[in-house]
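Undergrad: With the hints as constraints, model all of the structure from the sequences given.
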Amino acid sequence: FIFSSDNGGETNVTSNTPLRGGKSQLYEGGIRVPMIVRWPGQVPPGQATNAYTTSTDFFPTLIDACDLDLPKKVEFDGTSVLGDWQGAKQRQAARDLHWHYPLEKPHFLGGSSAGAIRAGNWKLIEFFESGDLELYDLESDLGETNNVAEQHPQLVESLYARLLQWRGRVGARTCSSLQMTRSGNAIFEDAFSPELVSERWSSTDDYTVKNGELVRTDFSKESARIFLKKPEYKNVVVKFDFQFRGTNEIRFLTGTSGKYNAVIHIHKDRFFLQTAVDQTVPYFSAVHGICGFEFQENQWYTMTIEIAGDEVLAHIDREHFVYGQHPIIDRSRTYFAFQTESGGAALDNVQLLSANPLKEWEERRATFVEIQQNREPVEMTVRERWEYLKRNTHDLLYRNDSDYKNLVDQISATKQRQHKLFPEVFSTIKQVRKPLLEYRSQLAANDENYKALNKAINQAKQSQKRYVLEKHPELAALPSSQYAAEFERRRLLIANERAMLNLVEQQQTAERAMREAFPKLFISDKEIQAQQREARTRLKGDPEFQQLVKDVADLVRAEMNYRHQSNPELKMLWEQLFAKGKD
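Here the sequence shown stands for residues 45 to 627, where the numbers follow our numbering.
Just so you know, these hints were derived from the structure itself, not from any lab.
A couple of the hints might just be wrong.
To be verified - Quick list of in silico lysine to any residue cross-link-like pairs, SDA-like style, CA-CA up to 20 Å:
(1) Lys-509 / Arg-534
(2) Lys-505 / His-516
(3) Lys-478 / Ala-574
TA: Shown next, in the form of structure tokens:
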């Protein structure tokens, strides 16, 4: 029989004297608890021990007490203390105990986000929000009234290093405290636990759930996205853990009505907030608050994103954050997605929580803005700096300078006239392809040859799918979070089998016949651009065409000069890149 507790007493209803603090704190009043063990014939009654222990010791101790054999791969978080229970005279060597208590806001009982380590009679507490370190000698100061960190700097350094090593070893993650909002009910949560992964994620072989994590696969070498189906949210707190495992960029994307809204870009050496283009308003893309941070490979980090009204605050910890304020942010959102540049990334503990603005933010905002403005600039190439300033200057002037707005609107109107009069030259790739989609729909409804070829292609694809499932029937039992990626992995394993090659050849034969019968449907971007260049050449002698080209060029030049007058650094960077024939 084991009697113990999960934490110390609540100080508002009990006294923990002589211990300091109580529940929600890492002082002894919060973590030192009673423990009584009764085991007739095995544990001598009426004796006490000064050896310290913690709840993770129960499992290995009971395994030891029952003399059970476990597989070698089983790793214990604690240590067997059966000898201490039974009054062994030979004590085991002192060991480190660790505590990890991250909070996004102060506990209602008074506790704050912190971690601690105990080694022998020494105990070090780290307060995550302030970064303060406190050291206590529990043998002479059980009540933790005398912080002796300044008197023992080398011991503090050693204990803190061991605490950090332990956190890294076990993957203990520290979230950043909320600054702008207070979180509420969960709109969506997923820890990717086996059998509990949400069915609301889009199905894709670019992502799979493995070992309780959402992992980017390497089937594709291009960027790939996974999104949440049918989310609806506005003022929220978003949290997710992420890890670089080879990729160079991880993005979190929000959006609404088919438009991007706010995007968090995480690179290995920086992260930043970008608000997107939305011509329905219209707004232009802008980058907010680039923050340098050296993200290490195979190490977990937690990103916290607070969205309230027209503001976003994204932070890793109290020092590393990006802040942005933009009217495009102040709207309801129906898009929630992650994107990675390539294989080699992992995500975990995704949370989408409702939130309400904090009154304290009105006082805090100026401090965050000042820190961001005075932050050491992230190293950029000349071109990167020029593109960054050009984008932000364009958006800022358009929203705040009526003369510049009129100039940009003139360019837009003139380009629309170009497209109306000479669509063969000035249509975008998307505009060229739109009627082709309509043409395909007409063929699917009315053309028997198209129907037959399309059916042959689909039948060949289905035959390949059936072949994979016949070879690997266990795939049918997989959850949707794993099925697509595991199916692709198994397909690649049998891709060179003769039967599979024959099925692929059937598909390719049908596709070749489709391209030969309807070549218009398969025109490439390069072919479209070549046709536009040919049309431009034919129109060189058309005075109206030439005048429109000149009008747009003059307006674009005036727009650029306006930006340069507004931002001299932008002009200087442009001259470095493009003046006197430079690229």
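Undergrad: Under the constraints set out in the numbered hints, which ones does this structure not fulfil?
TA: Failing hints: none at all.
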